[in-house]
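Enquirer: Sequence:
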Amino acid sequence: MLKAVLFDMDGVIVNTEPLHQKSYALMFDDVNIEVPDDLYSTFTGQSTRAICDMLIKHFNLPLGTETLQEIKRYHFKNLFENDDELDLLPGVLDLIKDYYNNGLTLVLASSATMENINNIFKRFNLNQYFVAKLSGADLKASKPHPEIFENAAKAAGFDRDQCMVIEDSTNGIKAAKDAGIFCVGYDGLESNDQDFSLADMVVNDFKDIAYETISKHFNSVLADK
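When the letters of the sequence shown are read in order and numbered with this note's numbering, they come out as residues 98 to 322.
To be clear, the hints were calculated from the coordinates, so they are not data collected in a lab.
It is possible that some hints are incorrect.
The list that follows gives simulated cross-link-like pairs (lysine-lysine, BS3-like), each with its CA atoms no further than 25 Å apart [claimed, not checked]: (1) Lys174 / Lys274; (2) Lys251 / Lys274; (3) Lys194 / Lys251; (4) Lys194 / Lys119; (5) Lys313 / Lys100; (6) Lys100 / Lys194; (7) Lys219 / Lys274; (8) Lys100 / Lys251; (9) Lys194 / Lys304; (10) Lys174 / Lys119; (11) Lys194 / Lys219.
Please read these numbers as outputs of a predicted model, since none were measured by experiment.
Turn these sequences into a full structure, and let the hints steer you where they fit.
Expert: Encoded structure:
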């Protein structure tokens, strides 16, 4: 039986991707590199630290990871405070309330820093619905490593076969499946060039995974195993 839902944040709860794109572009300009679109598309679902590590190696940058992270975070913080594009994704607040009111335990499992997570949750008053928030930036390995979802299931207090992940990225979906957790792929507006083939189901409207619908589907899948 479905007991807990483990949410990704960027691209699932909030549309931060435009801000990330702008802040990364500004960072690229600051360090004089050009990142092609096919390389940038691999960033989705990874922590800033993992991305900066990769950029330093790929472009042989004479900078430390922390320095590069701070440049990106500086631009993101400025955009977060001043850019009016930031908003919750359509229908996600209704979905969160639906799950919460039907007794599901909700956990946030994001590659974002805890500072960004807390800022988003405060801005949109989401703390009341979630029992825990986990940041992949605090872990040794970023998605697609399964550790964040393994830890999220523990934080929820349920076995992994009683949990469901909602993810929008290739890396996040692989992390969920490698953790042995049922995964819904959310193919949203910002899910460009992402591979949903490993997801147990794919939706582009949160109404398709409302509590009554997804609980029946989840339980039927569980019964068939």
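Enquirer: Please go over all the hints and tell whether each is borne out by the structure.
Expert: Hint check:
1. Only pairs whose Cα atoms come within 25 Å are accepted, and lysine 174 paired with lysine 274 is rejected, the gap being roughly 32 Å.
2. Restraint check for lysine 251 and lysine 274: satisfied, since their Cα atoms lie roughly 16 Å apart, inside the 25 Å limit.
3. Only pairs whose Cα atoms come within 25 Å are accepted, and lysine 194 paired with lysine 251 is accepted, the gap being roughly 22 Å.
4. With a CA separation close to 31 Å, the supplied pair lysine 194 and lysine 119 exceeds the 25 Å bound.
5. At most 25 Å may separate the alpha-carbon atoms for a hinted pair to count; lysine 313 and lysine 100 meet this at roughly 12 Å.
6. Between the alpha carbons of lysine 100 and lysine 194 the distance comes to roughly 15 Å, so the proposed pair stays at or under 25 Å and holds.
7. Between lysine 219 and lysine 274 the CA atoms are separated by roughly 30 Å; this puts the pair beyond 25 Å, and the hint is violated.
8. Our distance criterion of 25 Å between C-alpha atoms is met by lysine 100 and lysine 251, whose separation comes to about 12 Å.
9. Distance hint between lysine 194 and lysine 304 is fulfilled; the C-alpha atoms sit about 12 Å from each other, no more than 25 Å.
10. Annotation: proposed proximity of lysine 174 to lysine 119 holds, straight-line Cα distance about 11 Å (limit 25 Å).
11. Annotation: proposed proximity of lysine 194 to lysine 219 holds, straight-line Cα distance about 16 Å (limit 25 Å).
When the structure is compared with the earlier hints, violations turn up for hints 1, 4, 7 and for no others.
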